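A.B. asks: Chain residues, written in single-letter form:
Number of protein chains: 4
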Amino acid sequence: MAKLYFRYGAMNSGKSTALMQVAHNYEERGHQVLVVKPSVDTKGDKMLVSRIGLQREVDILLRPDESLKDYNIDYSNISCILVDEAQFLIGDQVTELWAISKIEDVPIICYGLRSDFQTNFFTGNKRLFELADELEELVTICRCGKRAKFNARKVNDKFVSDGDQVAIDGENNVTYESLCGKCYLDNVLRRNKVKN
Amino acid sequence: MAKLYFRYGAMNSGKSTALMQVAHNYEERGHQVLVVKPSVDTKGDKMLVSRIGLQREVDILLRPDESLKDYNIDYSNISCILVDEAQFLIGDQVTELWAISKIEDVPIICYGLRSDFQTNFFTGNKRLFELADELEELVTICRCGKRAKFNARKVNDKFVSDGDQVAIDGENNVTYESLCGKCYLDNVLRRNKVKN
Amino acid sequence: MAKLYFRYGAMNSGKSTALMQVAHNYEERGHQVLVVKPSVDTKGDKMLVSRIGLQREVDILLRPDESLKDYNIDYSNISCILVDEAQFLIGDQVTELWAISKIEDVPIICYGLRSDFQTNFFTGNKRLFELADELEELVTICRCGKRAKFNARKVNDKFVSDGDQVAIDGENNVTYESLCGKCYLDNVLRRNKVKN
Amino acid sequence: MAKLYFRYGAMNSGKSTALMQVAHNYEERGHQVLVVKPSVDTKGDKMLVSRIGLQREVDILLRPDESLKDYNIDYSNISCILVDEAQFLIGDQVTELWAISKIEDVPIICYGLRSDFQTNFFTGNKRLFELADELEELVTICRCGKRAKFNARKVNDKFVSDGDQVAIDGENNVTYESLCGKCYLDNVLRRNKVKN
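Each protein sequence line maps, in turn, to chains G, R, C and A. Residue numbering for the first sequence follows the working numbering, beginning at 110 and increasing consecutively. Residue numbering for the second sequence follows the working numbering, beginning at 110 and increasing consecutively. Residue numbering for the third sequence follows the working numbering, beginning at 110 and increasing consecutively. Residue numbering for the fourth sequence follows the working numbering, beginning at 110 and increasing consecutively.
No wet-lab data here; the hints were simulated from the structure. Warning: the hint list may mix true and false statements.
Claimed, not checked - Partner residues are not named here, just some residues of chain A that face chain G (Cβ under 10 Å, in silico):
hint : residue
1    : G139
2    : L163
3    : S176
4    : T204
5    : I250
6    : V269
7    : G272
As the structure is a computational prediction, the values presented were derived from the model and not from experiment. Ideal Cβ positions, reconstructed from N, Cα and C, are used throughout, including at glycine.
If we strip away everything but chain G, and leave its shape as in the complex, we get (with noise of 0.2 Å):
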């Protein structure tokens, strides 16, 4: 019985890489991977681009109205599905992917965001917290040097709490930085003193 897998990070935690990396071991030994991404991320369109500098085009990129079964596809053709950016799948998708691991008997790792700017859940990876039958954190680093666990959003280099849960890396002077819970808590919410 195949598994579902989420191998979830912050930002910066070399998701992209290690999904290219577990496509290149299937692909070396003969094996065939189906790439999939939700097409909410539009970064890239179908090309997965890490920073490390790989990258790969995408089998299918999928719309939040459709499901696999729109895609046709032969599971038995199929080694290993890999999904990048699965915080942004809706939950019936990742259903539908656990059930295919299931049913068809094909390993699916998902690798997505642990959470949004403000420490939630998105749909997509919610679900997988639910589901996966394994779940393996991937980790960066935080400006302390600690496993940074958050994604802390700065508009104009300036931390805020507030805002839409999807803001482009890059785009109307929105970016990102990995922190722990610690540098979090003191840099985002200002928090030195336990209260609620």
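Based on these hints, arrange chains R, C and A on the given structure of chain G.
C.D. replies: Chains R, C and A only, in chain G's frame:
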């Protein structure tokens, strides 16, 4: 910087035993722990009882309208906070625990279910999956011998897929069975083909 | 294909409690387990005893000159093999367990120490770290509150760094204390500067 | 207190890619890393090269008769030490790295093989399994699609079970294939019954 841990699993995965073992490990070394349970879990009242035969009194039965600051706790004397049935916490209580772990530098270990009988989150475990520093799975066994991940509800010994989120095990002909994903699909959702 | 698991930890990390909880989980579902202990561990003879108060009889006390095939086991009736004090197995016994897990398709869970009082392997855990499909750490607490990794030996309540690899806890004035790496360096190796 | 990490895997599990991704994550934040490789690994000389196409120069090629103190390193400027092919370190070098992580408070991440082509340790990874604070597995794919754990050696494209511990991939008709436990038993050890 201390961590917030969430150790989750299906019913009968030994969560209360594990909690009492950790408490024992601390106390054996002369450290003091604080054991908390949400009052929503009425089973056993102020006692934790594990199926394997261990028991222990809870220090705080936390109501949904309370926060830990209502208890004027001196954190300097506490080496670890242990929370049982943490899925029943409300979201703000989890946020508070997370802040306490960072600001008071006290490790906090929450034990709880991963999901309800329909594979959805409760309030407390949703927030724990968003915030906890470490997510660790406790495992139990499905009828087929694989790792059980889901809590299937039975009424009069038949699997049901609808009903209230909370129904006490053993009352009103309700029982639960821990199932793996494949057995949950087969027996509760009665699905063996991929559809939407 | 079933897996060979090695769940390792320092002394007093709750290994025997964890083993008995897993046995309980299987038996509660009507599955049969086989509990094995190397005869080298003379403590408790045929009984497993956990500090927290649980106990259970062992099915096989395995001598260093024996293999499991000496017992003519019908693996078709066994859902899981559980081994306590697995560090005392000899290497060939671990290799045999690994082959059994794959060829007979029976999951095998070994519990044992990670290292001796000088931070070196015993025979069984060395081979388990080479072969086990899953390595999982059980944790206990150091005097400083951090995770303990090492088993420091005391004779007449003073830390020692030389002696036989095996010395029974509680006999001949020997006791053990589980320490984290920093406390082991400070107290046993008396090192606080980097040298060779 | 910083940790010593050992991230191990079979050949072609993406160890060098992962190391370069971590270095990139640190450097992107303005932190400095130190990259070390045992000189025993002559492949690539002072360059790390990953199959997927990344490369980077090593800071220190460490000989078996050297220790890091021979390099007069100012640890206050270094946020992380990264070691590739760590299975080729000698045991004392690993002990030194472990002490550095604790005494100088610098995280150290070692990447290396889990075992040689006969499923036995090298010198460096044996000591890492004894001492590392965190053990994390990197995975690659077996010919059967399962996770590969072992490095099978081929000479003239036939599996062999005897020979020197170190033989360079691609020289003298030697190649390697990463296999899961079942495929290793079937193809290298030619065993499909349990015997001793």
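A.B. asks: If a hint holds in the structure, say so; if it does not, say that too.
C.D. replies: We went through each hint and held it up to the structure:
no.: 1; hint: G139; verdict: holds, 8 Å
no.: 2; hint: L163; verdict: holds, 7 Å
no.: 3; hint: S176; verdict: violated, 25 Å
no.: 4; hint: T204; verdict: violated, 24 Å
no.: 5; hint: I250; verdict: holds, 5 Å
no.: 6; hint: V269; verdict: violated, 20 Å
no.: 7; hint: G272; verdict: violated, 24 Å
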